[in-house]
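S.K.: For reference, the chains in residue letters:
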Amino acid sequence: AQSVTQLDSHVSVSEGTPVLLRCNYSSSYSPSLFWYVQHPNKGLQLLLKYTSAATLVKGINGFEAEFKKSETSFHLTKPSAHMSDAAEYFCVVSDTVSAGFQKLVFGTGTRLLVSP
Amino acid sequence: GAGVSQTPSNKVTEKGKYVELRCDPISGHTALYWYRQSLGQGPEFLIYFQGTGAADDSGLPNDRFFAVRPEGSVSTLKIQRTERGDSAVYLCASSSGGLETQYFGPGTRLLVL
Chain A
1 AQSVTQLDSH
11 VSVSEGTPVL
21 LRCNYSSSYS
31 PSLFWYVQHP
41 NKGLQLLLKY
51 TSAATLVKGI
61 NGFEAEFKKS
71 ETSFHLTKPS
81 AHMSDAAEYF
91 CVVSDTVSAG
101 FQKLVFGTGT
111 RLLVSP
Chain B
1 GAGVSQTPSN
11 KVTEKGKYVE
21 LRCDPISGHT
31 ALYWYRQSLG
41 QGPEFLIYFQ
51 GTGAADDSGL
61 PNDRFFAVRP
71 EGSVSTLKIQ
81 RTERGDSAVY
91 LCASSSGGLE
101 TQYFGPGTRL
111 LVL
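Just so you know, the sequences run in chain order A and B. Just so you know, the numbering used here puts 111 at position 111 of the first sequence, and the rest follows in order with no gaps. Just so you know, the numbering used here puts 45 at position 45 of the second sequence, and the rest follows in order with no gaps.
Calculated directly from the structure, the hints in this document are not laboratory data. Please note that the accuracy of each hint is not assured.
Listed next, with one range per pair, are the computed distances between beta-carbon atoms [claimed, not checked]:
1) A:29 / B:97: 18 to 26 Å
2) B:63 / A:100: 19 to 27 Å
3) A:39 / B:63: 46 to 54 Å
4) B:80 / A:100: 24 to 32 Å
Note that beta-carbon positions come from the ideal geometry of N, C-alpha and C, so glycine has one too.
When you get a sec, could you build the whole thing from the sequences and use the hints?
M.R.: Below, the structure is given as structure tokens:
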């Protein structure tokens, strides 16, 4: 079965500094990987997804992630944090693609705190 | 357009009671998913519908949980004889196909006293 491990439960940054949220995956085949963001009292929103095209994936709001097969990693980065980026971020792998649907398997989440 | 909506947004019930949680997917989306998010955890898959049928219900924790989607649109998650351990946020997502991006609703926060 596919799984993801988010290495940090909390990350604190100052506004304007870079963001790095770490994720490692385990997959028996070429995975589909995602990052979702969850703001308080709002639904999960897709930031970006990797589906074996380009290894560097650009998403919304200036976020990007790089798929590194040799390191089994899919870290999320942003050059400059904004106060509105404060939220919970989930690294996600898709299971059962062969069955014709995506059973999303979520990590435990990383809470991003942004200070002025 | 309108996103996925879920009602109620909050539900408080007593142990042993029956509850129903409703999900209205994005119009035209054939695929519908239910997930459960316990405190401090990521969401966990419960069930997947393609049209009216439950194509995969492997995530339902036990037979107290049941979900329906009779007309291929709105879905209801039903929990019988609720237990305190059922307290969680129940999330619904829909997509235009099984392999397409899933769009999530805001969730229903269930508290079993």
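S.K.: Next step is simple, just say for each hint if it's right about the structure.
M.R.: Structure-based check of each hint:
{"no.": "1", "hint": "A:29 / B:97: 18 to 26 Å", "result": "21 Å, holds"}
{"no.": "2", "hint": "B:63 / A:100: 19 to 27 Å", "result": "26 Å, holds"}
{"no.": "3", "hint": "A:39 / B:63: 46 to 54 Å", "result": "35 Å, violated"}
{"no.": "4", "hint": "B:80 / A:100: 24 to 32 Å", "result": "30 Å, holds"}
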